[in-house]
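Enquirer: Residue-level listing of the chains:
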Amino acid sequence: MIFNVKIIFVTAALFIITFSGQGYAAGGSNTGDYKMVHKQWQFNGAFGTYDKASAQRGYQVYREVCSSCHQLKHLSFRHLGDQGAPFYDERYPNPNDNPLVKNFAADWSIESIDGETGDILDRPGVPADKFPAIYPNDAAARASNGGGLPPDLSVIVSARNGGADYIYNLLLAYEAEMPKDMVMGPGLSYNPVMDGGAIAMVAPLSEDLVEYADGTKATVEQMAADVTEFLAWSSDPKMEQRKSTGLMTMLYLTILAILLWFSYKRVWKDVEH
Amino acid sequence: MSGHPSTYEPKYAATKWLDTRLPIVRMGADFMTFPSPRNLNYWYTFGGILTLCLASQIITGIILAMHYVPHVDLAFDSVQRIRRDVPFGWLLQPMHAVGASMFFLAVYVHMFRGLYYGSYKAPREVLWIIGCLIYLIMMATGFLGYTLPWGQMSFWGATVITGFFGAVPVVGESLQQWLLGGYAVDNATLNRFFALHYLLPFVIAGLVGLHVWALHHVGQNNPIGITTKTKQDTLSFHPYYTIKDGFAVVVFLLIFAFFIFYQPDALGHADNYIEADALKTPPHIVPEWYFLPFYAILRAVPDKLLGIVLMLGAIVVLFVLPWLDTSKVRSMRFRPVAKWFFWIFLFFCFILGWCGAETPDNIAIPFGVDAAGQVRGLNFTWLSRIATIYYFAYFVLILPILGLVETPKDRPDSITKAVLGDTKHTAILPAE
Amino acid sequence: MSDDKKLDIPSAVEDEGKRDFIFIATGAAAAAGAVSLGWPLVAQMGKAADTLAAGSIEIDVSKVAEGQQLKMLWRGKPVFVRHRTPAEIKIAEDTLISDCPDPEEDSARLIAKPDGSIDPRYLVMIGVCTHFGCIPVGESGDFNGWYCPCHGSHYDTSGRIRKGPAPKNMEIPEYKYVSDTVIKVG
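Residue numbers (this note's numbering), protein chains in the order written: chain D, 1 to 273; chain B, 1 to 432; chain G, 1 to 186.
To be clear, the hints were calculated from the coordinates, so they are not data collected in a lab. Please note that the accuracy of each hint is not assured.
Claimed, not checked - One-sided excerpt, in silico: chain B residues whose CB lies under 7 angstroms from chain G:
| id | residue |
| --- | --- |
| 1 | Thr159 |
| 2 | Gly163 |
| 3 | Trp178 |
| 4 | Gly181 |
| 5 | Gly182 |
| 6 | Tyr183 |
| 7 | Ala184 |
| 8 | Asp277 |
| 9 | Leu279 |
| 10 | Thr281 |
| 11 | Pro283 |
| 12 | Ile285 |
| 13 | Pro302 |
| 14 | Lys304 |
| 15 | Leu306 |
Only a predicted model underlies this, so the values are computations on that prediction, with no experimental measurement involved. We put the beta carbon where it would ideally sit given N, CA and C, even for glycine.
Kindly generate the complete structure, drawing on both the sequences and the hints.
Expert: Right, dumping it as structure tokens:
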């Protein structure tokens, strides 16, 4: 009977490998000779957690560089101080009280309506606010970016085949040399990680573009890794809770399975089958 | 719902009173003592596993419906809100999404088990047909539900699948627009898909009731396919099979939990994290893995209408299978030739799934390199054609003919003899 | 009412014909009611008034540069306005319609201006693959027209289906020139 259980496992595994691996690994093809760098992210694996210091620096890169074009529409400022988030502080279980979060929020201006006059005015953000839109609408975003629409970044790591590695490599691949037979349209840059090799975003990162408060040297690799770490958190903010709950669940189910196995043996003890 | 003489005897005045008015306790008791063949193996635990899957999908689904907003401007955002802000939404949303895959995984095991042990043969034809109906509605429910997160795959999957109706001669376009409630997939479509996605699981639950009723009326099949004859051939459902099913369920939950907690996106598609865009089709659209074999059959045919007809035919043929298989022997254990054709059939189903996931013009099996340095070989279109031909041949040629020409192996007279050997051994049934 | 005394006798035998008529009439009335009620239940799923009133859009085709394509959403579907290059026009006009699975001349796919002239530069069509409704990608495929990524249908520079599973040419929407350069779709 143990043998049959193995068959179930093997069949399930085969099924999944056959159907998921092959088809869904497609896309995100790269042109030229560019070799994707597969970084050992701290959040990889069953016990992986986000590198908080890196994600904090990543927020700085987002704020100072990316946020001029890209929104984080599914995030509120308070999310930055949630459990498992880059700026979580156990002294402030309610992220709305976290002074860092308050400061980040106040750094943005939020459009709101004056209750007395009905005029539209700008006020500093509070932790409960969502990250504001960068452009009033998609047409305005396209008009400001030569026809390209800067994608929202809240779930960008989940939304690309290759995930964090894709984003990290995309930011680094601008340095790759363009194949000689390739012609770039106006306003496009060569980027071998991008599908088709042409991207509307100009190389966003350059050496020492930001000044890190913790003294880390702001190389392009460092900034790319940091902002990717931040965006990985943004795409999957509950990963740490999920993995730790998962561990307890798997342990519980294993114990329950063992108990059930022995109960089963006990019940069937005198029965030939 | 029970096909065996009731052994329930109410003990108390209250239960006696109830038993003469609504014998619901009797029904439950008869269910638990239902005589099941004593030789059921682990492949027979998937009925219980599927019941759990359905219950899990209904419960998580109702919870998600409390937070989800079926509107084109808000659907994607509301799913994100569930994952970020709703208490335990990060757990319940993947439970429902991964749960759909697990449900199909279990139903496929359950169906192939039925195919192998001949569970569709007399007197279980109606039982089998209800099962096929459940599978069909499951597919509809899965498709409708996949539209709801309103990602790119949701939108374009809905566009392609509702496009099938457009292929119907004469009334196709009207039918398609009636289903969509507009000229293209839009808010009206999302709204009705949500309503129907909420409804269909309860239809499935009703059919499951009929499925179990039919099962209890005709009795369970078993791995050797020999009808139960004596009391010795059977065991009471409880505790023998409740405990066995319980163990199998927990092993299944381990796989389920692994995906929920460690690979929640492995069975999905990255494009569905991009909000639906009516102006841009993703470059590589594929359905969910559980539809891939049918998608491969659809694409194997260059003609639009014929492709759809074949794809539907692949499901319809299951309904008439009880009358296509001419063999009197149920279990493949005693069919030395048919057994091999069965394994080849299973193999080709996997091949079809593989073809469905790949770009049709790509090379599946390389033979070598031609003069220009291009890889030559069998492409996925042709591979899927071969597999499609086998799929249909298995049902309409191989099974009907084999039943007439194959010489089955000797079968034991009864389950008891098969289990205990052909000795004078008296099986002792433990006290119930 | 003369059969009062025969109350204990099953009268159905005598009145068979009459009863049949009553049953049929009752059944027919019930069926008519069910159908009348059923129709609204079915018809509600059709296009609502606001969807039908989706209206028309005006496009200034002169704003589309040569070799470029404009994509506008109309009735939930994209409308392509392609400013074709002379080479593309030539290929489209020179194609033998016997090579097309859905034979149609290039000129039949263009609409005349108010003065009766046809400007072959501007191709206006619904950018939806006639297979299962995906949006084909421009300037690609075996015929340098459009290629549908979903199931590999190839369209030529006139939007005609040439290869692949799609059965028909890309649809030309109902449109007219309201001035020399502005078209009104719908």
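Enquirer: If a hint holds in the structure, say so; if it does not, say that too.
Expert: Structure-based check of each hint:
1. Because the closest C-beta pair between Thr159/B and chain G is about 4 angstroms apart, less than 7 angstroms, the hint holds.
2. With a least beta-carbon distance of about 4 angstroms to chain G, the hint placing Gly163/B at the interface is held under the 7 angstroms criterion.
3. A hinted interface residue such as Trp178/B counts as satisfied when its beta carbon comes closer than 7 angstroms to some beta carbon of chain G; here the least separation is about 5 angstroms, so the hint holds.
4. Hint on Gly181/B holds. Least Cβ distance to chain G is approximately 6 angstroms, under the 7 angstroms limit.
5. Using the Cβ-Cβ criterion of 7 angstroms, the hint placing Gly182/B at the interface with chain G is satisfied: the shortest such distance is roughly 5 angstroms.
6. The beta carbon of Tyr183/B comes within 4 angstroms of a beta carbon in chain G, closer than 7 angstroms, and the hint placing it at the interface holds.
7. The closest approach between the C-beta of Ala184/B and any C-beta of chain G is roughly 3 angstroms, which is under the 7 angstroms cut-off, so the hint is satisfied.
8. Of the supplied interface hints, the one on Asp277/B is violated, with its beta-carbon coming no nearer than about 10 angstroms to a beta-carbon of chain G, more than 7 angstroms.
9. The interface hint given for Leu279/B holds, since its Cβ lies 5 angstroms from the closest Cβ of chain G, which is under the 7 angstroms cut-off.
10. Hint on Thr281/B holds. Least Cβ distance to chain G is approximately 4 angstroms, under the 7 angstroms limit.
11. Among the interface hints, the one on Pro283/B holds; its C-beta lies about 5 angstroms from the nearest C-beta in chain G, closer than the 7 angstroms criterion.
12. Against a cut-off of 7 angstroms between C-beta atoms, the interface hint on Ile285/B holds, since the closest Cβ of chain G lies about 5 angstroms away.
13. Using the Cβ-Cβ criterion of 7 angstroms, the hint placing Pro302/B at the interface with chain G is satisfied: the shortest such distance is roughly 5 angstroms.
14. Satisfaction of the interface hint for Lys304/B is found here, the shortest Cβ-Cβ separation to chain G being roughly 5 angstroms, below the 7 angstroms cut-off.
15. The restraint placing Leu306/B at the interface with chain G is violated, with a minimum CB-CB distance near 10 angstroms, outside the 7 angstroms limit.
Hint compliance for this structure: hints 8 and 15 are broken, all remaining hints hold.
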